[in-house]
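Number of protein chains: 2
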Amino acid sequence: MATGYSELRNELVSAANGVDYAYRDTGGGAVPLVLLQHFRGNLDNWDPALIDDLTSNRRVVTFDNAGVGGSTGTTPDTVEQMARDALAFLAAMKFSQADLLGFSIGSFVAQQIALVRPAIVRRLILASSAPKGAADMHGWAPDVIGAIGTPKTSPEEYLDVFFAKSASSQQAGKEALGRMYARTLDRDQATTWATREAQYDAVCAWGIPDHALLQRLSGIDLPVFVANGDSDPMILPRFSYLLAGLIPRAGVKIYPDAAHGFLFQHHADFAADVEAFLA
Amino acid sequence: MATGYSELRNELVSAANGVDYAYRDTGGGAVPLVLLQHFRGNLDNWDPALIDDLTSNRRVVTFDNAGVGGSTGTTPDTVEQMARDALAFLAAMKFSQADLLGFSIGSFVAQQIALVRPAIVRRLILASSAPKGAADMHGWAPDVIGAIGTPKTSPEEYLDVFFAKSASSQQAGKEALGRMYARTLDRDQATTWATREAQYDAVCAWGIPDHALLQRLSGIDLPVFVANGDSDPMILPRFSYLLAGLIPRAGVKIYPDAAHGFLFQHHADFAADVEAFLA
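Chain order of the listed sequences is A and B.
For the first sequence, this note's numbering assigns the number 1 to the initial residue and increments by one for each residue that follows.
For the second sequence, this note's numbering assigns the number 1 to the initial residue and increments by one for each residue that follows.
The following block holds chain A by itself, in its conformation from the complex (with noise of 0.2 Å):
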């Protein structure tokens, strides 16, 4: 490609429900991969070295969902209504059809659009996720949230939760951010106080134990790829296996020595795990 992720200009398009939505879009290939971001994070939080893997082969589109970062629009409070709204996205971008890759909260709104509206995903990759109901998923344990979850977040906090504690991981967090920071021109909007609420009471609402709701995932009738770093704090490498379990067409992989954002520190491996998966 002609330039990376860093230097790709925020665009904004306008959707049927009313908002408007950042994106940056790489261009390319047919089916393009949708990637749908974590808890507070916006188009500056993936990590650019990730996205050029990816890109090498395919069309990658990354956008901020409703009421995030540089989208209008205010932030809902479940997941039920975020794939609503990344679902106008795609419908504003003229998506018939996409492959999904969901990371954190992300996943959790992949999983719910594979389910309300199966037609429009191709393929499904889900990374450090977890099935809506499962036991022991209802909010995320006190030194995550403490860490992630206050007003003012520190790059020491963040590597707390998306890095293993080792030292190897910790560098490799720290090479990522700075990537993540590089740019400096044209990033996108912080994401609010409001956003950070709004989601977190999704994630709770998501991790209210209820052993029944674990069967929708039988609904995921399609090819998916769950993934999780050994040592996420935030989000229990178990979820993946469960996942993997109930969705009757689903490969899993647990990369080493990694936690939440193991898809940034293994970003050839996970790109080139993702491009089999998706070829």
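It is possible that some hints are incorrect.
[Claimed, not checked] Distance condition first, Cα-Cα at most 25 Å in a straight line; then the derived DSS-like pairs of lysine-lysine:
(1) B:Lys152 - B:Lys132
(2) A:Lys132 - A:Lys253
(3) A:Lys165 - A:Lys152
(4) B:Lys253 - A:Lys165
(5) A:Lys253 - A:Lys174
(6) B:Lys253 - A:Lys253
(7) A:Lys174 - A:Lys152
(8) B:Lys253 - B:Lys174
(9) A:Lys132 - B:Lys132
(10) B:Lys165 - B:Lys253
(11) A:Lys165 - A:Lys253
(12) A:Lys253 - B:Lys165
[What the hints assert, rightly or not] Chain A stretches covered by chain B per the calculated footprint, using a threshold of three residues with CB under 8 Å from any CB of chain B:
(13) 209-217
(14) 236-244
Since the hints were derived computationally from the structure, they do not count as laboratory data.
Using N, Cα and C, we set each Cβ at its ideal position, and we do this for glycine too.
Chain B: place on chain A using the hints.
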């Protein structure tokens, strides 16, 4: 050890339920590792190479459950009764605590024991296993039950189900069969058609789809190691992920280029993983 599994003598112990249980006992260590056998299997259907690998660090005990092989009594048609019968054996052996390694239907029995008599289980290994009530587990695929469910089965049919299609796996299977049939003196009694009928009824009852039953596994509150081959046609690897997702303290490993009999094919690796888990 002085002698390998191939030379261990058959022993009998009389239990309070009136059954005389056939077993083999390597002797040694403190907490015994008790093995629960697969569909239609008897004492001779454990690969001696696996038992010998496991024995290097601990006492290993194999036995025929009630009605199976050299044990007296009647094979029951429910996993629940098989668990009671296995508990009667453990009591007759005066084992106040044991590590359990259940293989296939033996892993169903092991799960049931962990639920009804948790105090007797120190650690649990589930090989080629699945939860009670899991969707898509009701009876075995026609080619599987057609191969290993007939009145007289052949080595070729055994290799088809217990080993993968690759030349390397088939070769490993032939070697495992060679080790199992090397013993000519004092072989165990063959399992009967009545055992086959009762055990398959129990397998089908275990597989009656019932999503609510999956929640039972949250009650297995002890360290569990779940393992399978990546190409098992009898009990899909997906069910190992489901177990690992639902049991709070479970690890999981899927062995490459292997099927139902992965633990014989990869006997050295699996025994080392078991030892690391139990130690």
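Hints, one by one, checked against the model:
Proximity of Lys152 of chain B to Lys132 of chain B is assessed by CA-CA distance (about 28 Å); at most 25 Å being required, the pair is judged violated. Our distance criterion of 25 Å between C-alpha atoms is met by Lys132 of chain A and Lys253 of chain A, whose separation comes to about 20 Å. Restraint check for Lys165 of chain A and Lys152 of chain A: the C-alpha separation of about 22 Å stays at or below 25 Å, so the hint holds. For the given pair, Lys253 of chain B sits about 23 Å from Lys165 of chain A by alpha-carbon distance, which is consistent with the 25 Å threshold.
The hinted pair formed by Lys253 of chain A and Lys174 of chain A meets the criterion: a straight-line CA distance of about 24 Å does not exceed 25 Å. The hinted pair formed by Lys253 of chain B and Lys253 of chain A meets the criterion: a straight-line CA distance of about 11 Å does not exceed 25 Å. Note on Lys174 of chain A and Lys152 of chain A: the hinted pairing holds, with a Cα-Cα distance of about 19 Å set against a maximum of 25 Å. Proximity of Lys253 of chain B to Lys174 of chain B is assessed by CA-CA distance (about 24 Å); at most 25 Å being required, the pair is judged to hold.
Between Lys132 of chain A and Lys132 of chain B, the direct Cα distance comes to roughly 21 Å. Compliance with the 25 Å bound is thereby established for this hinted pair. A threshold of 25 Å between alpha carbons decides the hint, and for Lys165 of chain B with Lys253 of chain B the separation of about 20 Å falls inside it, so the pair holds. Simply put, Lys165 of chain A and Lys253 of chain A have alpha-carbon atoms about 20 Å apart, close enough for the 25 Å limit, and the pair holds. The straight-line distance between the Cα atoms of Lys253 of chain A and Lys165 of chain B is roughly 23 Å, inside the 25 Å bound, and the hint therefore holds.
Coverage of a stretch by a chain is defined here by at least three residues with a beta carbon nearer than 8 Å to that chain's beta carbons; for the segment 209-217 of chain A and chain B the count is 4, and the condition holds. Check on the segment 236-244 of chain A: 7 of its residues sit with their Cβ under 8 Å from a Cβ of chain B, so the three-residue criterion for coverage holds.
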